[in-house]
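Throughout the sequence shown, residue numbering follows the numbering used here, covering 1 to 71 in sequence.
Honestly, I wouldn't trust all of these hints.
[Said to hold, decoys possible] SDA-like cross-link-like pairs, simulated, lysine to any residue; straight-line CA separation at most 25 Å:
hint : residue 1 : residue 2
1    : Lys39     : Pro5
2    : Lys31     : Met60
3    : Lys49     : Arg3
4    : Lys39     : Ile15
5    : Lys18     : Val45
6    : Lys22     : Met60
7    : Lys57     : Ser14
8    : Lys10     : Asp62
9    : Lys22     : Arg40
10   : Lys22     : Asn66
11   : Lys22     : Gly38
12   : Lys49     : Gly28
13   : Lys37     : Glu64
[Claimed, not checked] Here are the simulated distance ranges between beta carbons:
hint : residue 1 : residue 2 : range
14   : Lys57     : Ile32     : 17 to 25 Å
15   : Pro2      : Ser27     : 26 to 34 Å
16   : Ala61     : Ser14     : 15 to 23 Å
17   : Ser27     : Glu68     : 28 to 36 Å
18   : Arg11     : Lys39     : 14 to 22 Å
19   : Ser14     : Lys57     : 17 to 25 Å
20   : Asp47     : Phe23     : 13 to 21 Å
21   : Arg3      : Lys36     : 26 to 34 Å
If you're looking for bench data, these hints aren't it; they were derived computationally from the structure.
Note that beta-carbon positions come from the ideal geometry of N, C-alpha and C, so glycine has one too.
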Amino acid sequence: MPRLPRLTAKRIISILEKRGFKFVRQSGSHKIFRNKKGKRTTVSVHDNKILHPKTLKSIMADAEINPEELI
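Construct all of the structure, not just a fragment, from the sequences and the given hints.
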């Protein structure tokens, strides 16, 4: 598995939106997105900070994104 890129929440949100995820609601600093199939993922938004690799991996698993698609 290739090394994960360092992404901000803003960048991962744009990737999710391109893959058909729509913003549903927000709870504090957590934005919840859902696609037409009902898949749900949560992105924590903290200014322009880089997402922790485990957080990014969790979002990728929820949205079924391959690491190659992020590069």
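Going down the list of hints, with the structure as the test:
Simply put, Lys39 and Pro5 have alpha-carbon atoms about 23 Å apart, close enough for the 25 Å limit, and the pair holds. Restraint check: the Cα-Cα separation between Lys31 and Met60 comes to about 15 Å, which is no more than 25 Å; the hinted pair holds. At roughly 19 Å between alpha-carbon atoms, Lys49 and Arg3 fall within 25 Å of each other, so this suggested pair holds. With a C-alpha separation of about 15 Å, the suggested pair Lys39 and Ile15 falls inside the 25 Å cut-off, and the hint holds.
Distance check on the hinted pair: Lys18 and Val45 sit about 18 Å apart at the alpha-carbon level, within 25 Å; holds. Between the alpha carbons of Lys22 and Met60 the distance comes to roughly 16 Å, so the proposed pair stays at or under 25 Å and holds. At roughly 16 Å between alpha-carbon atoms, Lys57 and Ser14 fall within 25 Å of each other, so this suggested pair holds. Of the supplied pair hints, the one linking Lys10 and Asp62 holds, its CA atoms being roughly 17 Å apart against a limit of 25 Å.
Between Lys22 and Arg40 the CA atoms are separated by roughly 10 Å; this keeps the pair inside 25 Å, and the hint holds. Simply put, Lys22 and Asn66 have alpha-carbon atoms about 19 Å apart, close enough for the 25 Å limit, and the pair holds. Only pairs whose Cα atoms come within 25 Å are accepted, and Lys22 paired with Gly38 is accepted, the gap being roughly 11 Å. Our distance criterion of 25 Å between C-alpha atoms is met by Lys49 and Gly28, whose separation comes to about 16 Å.
With a C-alpha separation of about 12 Å, the suggested pairing of Lys37 with Glu64 holds against the 25 Å cut-off. Separation of Lys57 from Ile32 is about 18 Å and conforms to the stated range, judged on CB atoms against 17 to 25 Å. Evaluation of the 26 to 34 Å hint for Pro2 and Ser27 yields a pass: the beta carbon distance comes to about 32 Å. Between Ala61 and Ser14 the C-beta distance comes to about 19 Å, which sits within the given range of 15 to 23 Å.
Judged by the Cβ atoms, the range 28 to 36 Å given for Ser27 and Glu68 holds: they are separated by roughly 31 Å. Checked against the hint of 14 to 22 Å, the pair Arg11 and Lys39 passes, with Cβ atoms roughly 19 Å apart. Judged by the Cβ atoms, the range 17 to 25 Å given for Ser14 and Lys57 holds: they are separated by roughly 18 Å. For the pair Asp47 and Phe23, the beta carbons lie near 18 Å from each other, so the given range of 13 to 21 Å is met.
Distance hint for Arg3 and Lys36: a CB-CB separation of about 31 Å, consistent with the stated range 26 to 34 Å.
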